[in-house]
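Each chain sits in its own coordinate frame; assemble them with the hints.
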Amino acid sequence: MLSRREFWQLSLAATLAGNFPAGIARAAARQQLDQERLLSFEAVGNVTLLHFTDLHAQLLPIYFREPSVNIGVGENSGLPPHITGAAFLKKFGLETDSAAAHALSSEDFTALARAYGRVGGVDRIATLVKAIRAERPSQTLLFDGGDTWQGSYTALQTRGADMVETMNLLAPDAMTGHWEFTYGTDRVKELSEAMDFPFLCGNIRDTEWDEPVFDAIKYFERGGVRIGVIGQAFPYTPIANPRYMMPEWAFGIREDDMRRHVAEVRAGGADLVILLSHNGFDVDRKLASRVEGIDVILTGHTHDALPVAVKQGKTLLIASGSHGKFLSRLDLDVQGGEVRDFKFKLMPVFSDAITPDPEMSAMIEKVRAPYAAATSRVLGHSESLLYRRGNFNGTFDDLICQALLQERDAEIALSPGFRWGASILPGQPITVDDVYSVTAITYPNVYRSKFTGAFIKEILEDVADNLFNPDPYYQQGGDMVRVGGMGYRIDVGAKIGSRISEMTLLKDGQPIDPAREYVVAGWASVNEGTQGPPIYDLVTKYIETEKSINIPPNEAVRITGT
Amino acid sequence: MQQLTRRQMLALGSGAAVITMLPVAPILAAGSEFEMRVKKFAGTAMIREGGIELDLPEIAENGNTVPMSVSVGSPMTKADHVQQVMVLAEGNPLPGVITFNFSHMSGSAEASTRMRLAKTQNVVAVARMSDGSVRMVKSVVKVTIGGCGG
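Chains as they are written, first to last, in our numbering: chain P, 619 to 1180; chain E, 2 to 151.
Heads up, a few of these hints could be off.
[Stated by the list, open to error] Partial selection, computed: residues in chain E whose CB lies under 10 Å from chain P:
(1) Pro-58
(2) Ser-113
(3) Thr-121
(4) Val-141
These aren't lab readings, by the way, just hints derived from the structure by calculation.
The beta carbon of each residue, even a glycine, is placed where N, CA and C say it ideally should be.
Just chain E, same shape as in the assembly (with noise of 0.2 Å):
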């Protein structure tokens, strides 16, 4: 059989190959709810890693509500723009977090909500752009019982 290399494997491109394949397929845990919305919302894109910053604390401080800022770089033209960016808890029962929908008319793909996080996981966030491109992050955020400090 033919060695495919990695470029070539990519470049076949069908859903489920891109979300084996890809660095990113680690956290994705097979057929859970988490990995079917990505599946969904990257389509046949190729998913990238990087190319949004994530701003996230490395450990809540009240697990109720956990600030969350998202922003991904681009010129915000009609041509070339940011459509939407979906964020995901991982592993939270139900792992939406929230979309936020751009058009070239916001000026910048720049959104902050607060987030409830069920325990210790990564949250996700996937961006879709007007070419069709999809780019991905995940940032661990620690949920601990807490005290004990120094």
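The following block holds chain P by itself, in its conformation from the complex (with noise of 0.2 Å):
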């Protein structure tokens, strides 16, 4: 009989080797999983904070792929969360191969995802939260970082109603935002009113008098510490997404708010001051060094999972991942307002290793059951990793600007950047369900237009800037908008107006003309009355025509600069 450590060496070698069945890989990598082991923490101090973040409507357990390119520029180069892969591995210590290699980098990402299975689950959170109250019943606090309520099919079907109601249920203490908007004021104002827990968003006035919108703070007592926490949606919602859906809410960053905001919870008399954020990280990195009196920073929107806790002066930074994938635990020793000591754990949610909570998969299954026909319709299958998150290509971004050029007979296809999507691995089917996890959004129209070719390089400086400013504060979080038909050279170290160049017409090998006129195919255009098909009906069909999709690596992209 073989010990389980010895099963596992035994296995690893042969999964290496490659000639051991499949199934047997699966059973000895999830040896290393199991619940205990995810959850075991030696707990410390008076305080403990989960904190998850950008669940984008995740409510099921899905596979993610974390991004191989994901470039710091300025102070923020070659620091973390800007390392990938293998660099990563070795800054963090992580043994190749591990699950947390696995969860937190994109090494061997085919291999290791069918090994470890899926990730994820709001019922898997919900167990990990139980538990976790359970044993620190008056000391802990949880919280949502937003982009909560968008990223789904049944929650765009809803307009966020699934999400805010199975929210209800897991019960967090309180929750910021910013797909949220895209649902428009009005729905907004509806939803936060059916939500058990605030909404704060100190961040946030009407453009007509300049007062705020939501409240920006809330306190809590726990483990014997007044605790304010602060909130801040994302500064740049009404730039980055259509600000019609928003008109008469301004946002931004708003630091001398920030430090009004944390004067008054210390003037509150909290010993601990929280930042619940949707800056992103580069920006609440800067924030930190420049708003004093901030203890814990639990950062949003960038997507960044980072297994350990940031220090920028005596501020705490936390990257908790997105999807549900990760449940971060941060336990605090807070004395005389101050914090003392300090634990972190950044928790992988490993569906298959954790037991569901009976009454969440419930609330799942019944907020999902009147779509079920609709989203399980399988569509095709693929024979490539499809991804996205990434500063320039995914795989899944591919298949979509592929779909734009045929399906409405482009020259170039423009797809947007964003940073949420589930992955599916090679040989998956592809249901309804994962179109809707990269396109799900309330601007879905498929535009059809004729740019110049200057004016598709100003489109490309520009989105590049937002993405690779040196200053994080003029930075909006979201990756290189994706090209389809075109190939170009970035130097991402250039000024604004200079990044761009050898722009070159892929069918036929030409450079761009900035005089010429191409037809172009996009879609999440932020313009009001923008025509076309919605991009998940397109997709749809063209996965359907397709059958079986096949992306060659994407080589259209050449960067420099970095």
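This is the structure:
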């Protein structure tokens, strides 16, 4: 009889040699994983913070590949989260092929995903949360960093109601938002009133009177500590998303307001000040260097997952990933108004290793049931790994660009650099659910227009600066716009207006002529009244026609200056 | 030739020398209407950088109506107050945005308005104090096509 350890070593070697049946390799990999081990934590101090963010309406377990390209610029060059792959594993001392390595990097993704299985699922998160609440009953707070209501078929159909119902059961203590606002101001007000917990957004004011729209602050008492929580919505919502959906609300980083809120919370007797933020990691790191008095920033928006708490001055920054793939636990020892000690664990939510919470499973079943027939329809299957995350291109976007070129008879396709969307393994069927996981937005129309070469360059330059401006306060936190039918070179370190060169039309290999007009198809335009079929219908049709999807490696974007 | 220190050079203080020697110089495009207006406003005074709070968004939500607030720290007494604050948008076809006039009766030198910005550019505020000294600050406001965020 083999011990567990021997069995594991043997199986690992066999997996690497590639001659072991997949089922046994999977079983072996999962020996590493069990609920108890994922939860194990030696508690510290008097307060426990739990955090998840950017769930993007993923109620069910999924695959999610972390980026292999995530470039940092300026002061953030080479700093976490701007390291990936083997360098990431080395930086954090993670063993190649280990569960943690798989959760946090894209190394050997397909093989390891087959071994370790899916991630996330709100019923799994509920199990972890319940266990920790039971362990630390009067010391625990749970926070949702936003981007919760958008990203699935059912969330789109119910305009976020399925997520609010589910979250009311999970019962976070507060949330903030970003994609939530793309349901429009009336719906956000309606749903935030249906929530059993506060929607904190200290940086939203009405455009007419310049008055706050939502509460900025909520106080809690946990473990004898008075805790002040400040919420910060995504500062560039009306720029990155359609402003016509929230015309009476103005956002922004509003650093001075943040200073005032921190001062107010301290004056209000808080021993611990937490910022529940949807700024994006680099923006929060800069904010922490300029605004004093924040003990913890629970970051969001940029979908970074870091296995450690990053210290900026006296502030701890937590990056909890996305899509329900991770739950963060931060234990704090707060004494006399300061954090004396802390302990952090980024818990990967390996779906197969965690017993789903039955109450939450029933809730998910209930909210999804009316749409089960529609969402489970199989459209085709993929021969390639389909993923989105990464600064420049993802295979799922390449698929969308192919669909745009073909279905709209265009020369060039533009697809937004969103960071959300589940991954699909080679051989996996593609369902309606999968298509919506990368396309479910409330402004889905696919335009077909003529743009000059000069205007296309302007678009690329503009988006590149939103991503690579050396000052994080000028970054919007998306990835680069995805391009089909055209190649280009980008010098990441150059200034706005001079990063993009060598734009080439792929179909004839000719350089893009600034004066010529090209037929361009794209989606997610922020302009009101955009005409065309919804992107999810277009992609659905394309996959149904193609049946089998095969995406070759993208060599159309060349990157320099990193 | 005798080497001038920067201090001596500044002390010489002709308008043109001031404009070319000061740290704010790079933002002044030679011969532009923007430069002419700053020169005219400052006269022979030396321009000091800072001393003005210019509150602007980093990225404009709507380039057609960008909120802007300006305040200049001053006791606002008869002997020591802010006289004028001029706001310029360097990259607009017509850079003039607004000029606020103050007196010691104003209480404080604070004002807000909204302006239109044609493209990503520096917004500059220049303030003249009652002692004739001139202050200047600038801030970049990005005006983007939008879309594609997170």
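Open item on the list: Does the closest beta carbon of chain P sit nearer than 10 Å to the beta carbon of Pro-58/E?
Closed with: Since the shortest Cβ distance to chain P is 5 Å, the answer is holds.
Task: Interface restraint verdict for Thr-121/E against chain P (beta-carbon cut-off 10 Å) - done: Nearest chain P Cβ about 7 Å off; hint holds.
Task: Interface hint outcome for Val-141/E [beta carbon to chain P under 10 Å] - done: holds (8 Å)
Open item on the list: Next item in the hint list is Ser-113/E. Is there a CB on chain P closer than 10 Å to its CB?
Closed with: holds (9 Å)
Violated hints: none; the structure is consistent with every hint.
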